[in-house]
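The two chains are supplied separately, each in an independent frame; assemble them into the complex guided by the hints.
Order-wise, the sequence lines are chains R and F.
Under this note's numbering, the first residue of the first sequence carries the number 1, and numbering increases by one thereafter.
Under this note's numbering, the first residue of the second sequence carries the number 1001, and numbering increases by one thereafter.
What the hints contain is simulated information worked out from the structure, not anything from laboratory work.
Be careful, since some hints might not be right.
What the hints assert, rightly or not - Simulated restraints on C-beta separations:
1. R:Ser120 with F:Asp1156: 54 to 64 Å
2. R:Ser120 with F:Asp1047: 34 to 44 Å
3. R:Ala90 with F:Val1319: 21 to 31 Å
4. R:Glu240 with F:Asp1156: 21 to 31 Å
5. R:Gly215 with F:Ala1408: 27 to 37 Å
6. R:Ser256 with F:His1212: 26 to 36 Å
7. F:Pro1067 with R:His12: 46 to 56 Å
Think of the CB as a built atom: it goes at the ideal place given N, C-alpha and C, for glycine as much as any other residue.
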Amino acid sequence: MLARRNPQLNAHGELIHLLSIEGLPRAVLTQILDTAGTFLSVNDRDVKKVPLLRGKSVFNLFFENSTRTRTTFEIAAKRLSADVINLDIAKSSASKGESLLDTIANLSAMHADMFVVRHSESGAPYLIARHCAPHVHVVNAGDGRHAHPTQGLLDMYTIRHYKKSFQELSVAIVGDIVHSRVARSDIHALTTLGVPDIRAVGPKTLVPGDLREMGVRVCHDMTEGVKDADVIIMLRLQNERMSGAMLPSAGEFFKSYGLTEAKLALAKPDAIVMHPGPINRGVEIDSRVADGSHSVILPQVTFGIAVRMAVMSILAGNDA
Amino acid sequence: MKILIRNGRVVDPASGRDEAADVAVAAGRIVAIGRVPSDFSPDRVIDAAGCVVAPGLVDLAARLREPGPGMLESELAAAAAGGVTSLVCPPDTDPPLDEPGLVDMLKFRARKLSRCRLFPLGALTHRLDGRELTEMIALTEAGCVGFSQAEHAIHDNLTLMRAMQYASTCGFAVWLRPQDASLSGGVAASGAVATRLGLSGVPVASETIALHTILELMRQTGARVHLCRLSSAAGVELVRRAKAEGLPLTADVSINSLHLSDVDIGYFNADMRLTPPLRQGQDRDALRAGLADGTLDALVSDHTPIGNDDKMLPFGEAVPGATGLELLLSLALKWGADAGLPLAQALARVTSAPVRVLGEALGSLGESAGRLVEGGVADICVFDPDAEWLVTADALRSQGKHTPFDAASTGMRMPGRVRHTLVAGTLAFSAAAEPARA
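Looking at chain F on its own, in the form it has when it is part of the complex (with noise of 0.2 Å):
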């Protein structure tokens, strides 16, 4: 299948490259941008005028609960949809991926919906239990890219030491949410919202001494870690500090805590109940700072489908979580036009930065994954960036229908609009050829 995507305007953040450009693809590769050879006789034509040719976006935090109640292809059509490419999906499943033919199995079921690239992490102990390590090295055979305890606790600190030292010796990456496990058990971030609302809190000293046990662990281990869902103000400058120290560190934000604060709660909203729990106005201008400037590489959705059910729940009560594949590009280009950036650098936090947070795990795939070069993978996205649109349960693909961003809690405009997602010189998504939605 050869495609040619015409009149576009070309966006590589990695390159720098920002100009007017047609780009020809075929047998999964991008063969040209800018110098089409005259005899390239595309199967298909995309007219892209009006809209910005990108890589395709990655994603490294998106649950697709799969092994689980069997969502995986309404959750990767949901990417598809969302521009998204490439994902890394945590092994907070059920059974949690802490078996290789899990691993594999969900790989071989995602490979045949071809919609998106799948990078699953491999839990980091048996069962997520915090205190087994799992086969770090079969798992990585099977295709995990790094190793997380996702939500779950470790047992304690040797048994993280152990797990850091282990992983540092095979070469793998830690995958950690800083959590203090016995600071944890709150429902809202502790602050004058929660304590006005009787909410049990979770304080940020959660968050910075988990920060700190694993900054000390690093520089005893030497293990290279990646730090999920960073929260708050003083966590992103101990974040700041260790990596101006020189430690192998490299760390992401949520769309939500990047957009929102404890006050959006407003009365009991249970979209807003999500882990880590939105904290302060200050500690969300301290993350938008701290993406800008590159301290947090990468912007990722979060995404956790969650049924009615477990939503329509008194806020303590409810599962926290919410959808967010089909965001993640309006919540970047959103940030970006709020904090004026090029649209290159906003688009840099969900496409070449986070390929670079994987690093050596994409094998080849890493040259050009997150990238637009001639001879590179086909991982395109052509989206509208001059489109609005309102999030609302029908517009979503995804069977998570529960977002903060929903019209009816924040009514937020969502900027940019996807309108066809390649995927290995593939079209895995198109706008104008869904069929009409019942």
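Bound-form chain R, shown alone (with noise of 0.2 Å):
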């Protein structure tokens, strides 16, 4: 049954794709983590250059705009040495009708190596690894309410840089959990990596009950979901839902759900906060704790830069 063996992994359990998280083997996601590490000396020398992509090209797919996530794609298939072409798909080829993978096909025949791929809707990339030519490896760079599992790892770098190991730790995943693909991709590898206590906290309208199906605990009082936590991750609330049937204001989410001081004042002394980009401030989090010590919301974006490359080289010396 082709539809259901795990299309990211070749039959020696090698990861020939990057589609999410889900089902990766936690030796996969350790050495993806393990990988990055030994990248992030390379972001500190003068030249920033490692020669493991040299002749190979990388196509930034990006059918959904995200000037963010496509650059830091982008420095890190440089870095590597790839030759890096950026197509901005929204604003081409799906605007004149053609289709995704009619639009696949074409660039496949550009002799493309690898598909870095961000698309509004979930499950997009699978539809692409599936009809790529075989050589061809395809990077999740965000598809829908989804994936997001570049995100994931990068998170995952962070938390184990700052507490070191995963067995004892709980995380709180705070907000839009519904809609985020970072939450869902986040959820995953922390469940793959043993963490025994992780919490999605948020209001019903965010965060469904069948989350719990997922390995988490479902707690609709920030109180009870931040208490003791090590991590807190708080999640971007997206313009569109802070007003609507989602939610009645930006206002009344924070007075809920934003991260305080006060609130943060709950979490293990050493907690650390994250966010994936970009915050929005008084909204999910307040500045004072967005710019204060607890903060790694800058180291975040740097580690993302070394998870990116140890992804794509890894990928590179697997054949499918």
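Shown next as structure tokens:
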């Protein structure tokens, strides 16, 4: 049953696409985090380049705009010496009516080696991975609400950097979880790496009870959600959710679930505060917390480059 | 044309007959079952040794996309190959079946192909816009057997109530798929799978709220309603209670919801993108039990041929629906075998029971369609119950090649293979006589 085999792994269990954290063994995650550690020093050198992807072409296919994420992938690929081609498909072929798979066939014919895909539909990278040439690797850079695996991995790198081990941690993920691909990838990564206590915190409109089946504790109360947490991951509240049927207002959300110094004080004294960015100051997080001593939001960005370098270099070394 | 079907096992769910017998057919009718007159001189003899001789299947939901892209010939060939001799087609064609001329044309074209009897549902409202009633009497005279919104929403409860009042005035059945429009925007059933995959959900409440509304309006209006494509355990329970109450209600379930659940979506397999969406295992189990105990009257193919361009898309963008006419028999048999039911009971859900749903709308045909009776119409399906097959695009005559039961998706082995299909005493399909396929 072809469709049921995890399409991210080859017959030897090696990573050939990165589509989701779900279904990846702990050893693969650890391999990526360890490899990222070795790349971190590259970023501190005067000549920030290693030749691992020399002669390879990495295509950034962004069906949904995101300058930020695209830039981090571009930097990572360039530091690996790859040729990087950025395609803002939201503005070109898709608007001319070309189908997704026609676009992929065309780009494959240009001898791409890797597609970094951002798409507004959950699962779109799976379709691409199923239909691209066998030597092409697909990296999911965010699909709908489904997954953002490199963000999940850089979050894990950050947690491991500050907390050393995953085995005893309490991690709170706060905010708009139902629409968040970051939250899903974090949850899969945390459960795979053995974190015993994961809390999903937010109102019922944004935190569905079904999340329990992913191995998390659902908390609708912020005090309970952040109490004694080692790690607090705040999610971005998208503008379009700030009013309407999901939430009455950004202000009311901040009162209940915004991370303030008072709420942070309920967590462990050495708790770290994370956020995938870009942050909404005064909506999900108070500026004093975002800029405070517990915040590791900027180190996350730095680690993100190394993690994306690790993912691309590992994929390039594995054959379908 | 006289045809003698010899050496088969005749199974007629309506009468309970299950015995080895020959069947003689002449002038479009069954002239004898068992005691074939010695002077009967057939033009053709079908050897049905090892096969079951059953009534032709009656499918209460098959889209032929006519009027539309012009698939009538291939889809009626698919019906014949699937042993389906009568089918009901929903009105969501392009344009919708909202005026008698369109229905006349459809019936005329289908008659010319003489592969299957066609029973169209008329649109309940103009252009299916859910606002203005169609001319139901004229549409019925043209051949419509009931009225439906198909997948389209009705504008509001007042319009639905008026439609049900008017239909019941004339004695017409209203066919409704219970779905609350505002809760039906998702692409998968709400639940752990949709949450994990990040797919927008359709809650069970979409079905149950609509059911409560329909049932209450039935009490108010006295309308006779057929509920299309139940999908949830809670929905089955509401239908069970409404039937116990005595409401004039029938219901069906699709082959997809009967055999699959949301877990089968796997890695975003767009062939699993269906309406209603596949729900959880407990819902599937309740649907299977409901079909066995008669809460659900009929099993339908919900046949919807969809081209590659509309399916080779991300899950949420793929057009919902699946091919099904050629799978209906096998999936009825599979359900029956899984549930440990006698063959006749499984076949009843695709023969005599759907005919009862159609009721008086069939006219004189109602006395013999979906059953095997001497003097009745010779709509017959001869199938080999022991043959197994795998669903592949090449094996299907329908232009719709996408189905969740594709060997590459579920890998499910299909029990039972149609050998011959007779419609009104004429061979509409014969496996042996099929030309080699390129």
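Going through the hints against the structure:
A hinted range of 54 to 64 Å for the beta carbons of serine 120 (chain R) and aspartate 1156 (chain F) is inconsistent with their spacing of about 32 Å. For the pair serine 120 (chain R) and aspartate 1047 (chain F), the supplied restraint of 34 to 44 Å is violated, since their beta-carbon distance comes to about 58 Å. For alanine 90 (chain R) and valine 1319 (chain F), the hinted distance range of 21 to 31 Å is satisfied, since their beta carbons lie about 22 Å from each other. In this structure the supplied range 21 to 31 Å holds for glutamate 240 (chain R) paired with aspartate 1156 (chain F), their Cβ-Cβ distance being about 27 Å.
For the pair glycine 215 (chain R) and alanine 1408 (chain F), the supplied restraint of 27 to 37 Å holds, since their beta-carbon distance comes to about 30 Å. Between serine 256 (chain R) and histidine 1212 (chain F) the CB atoms are about 33 Å apart, so this pair conforms to the stated range of 26 to 36 Å. For the pair proline 1067 (chain F) and histidine 12 (chain R), the supplied restraint of 46 to 56 Å holds, since their beta-carbon distance comes to about 53 Å.
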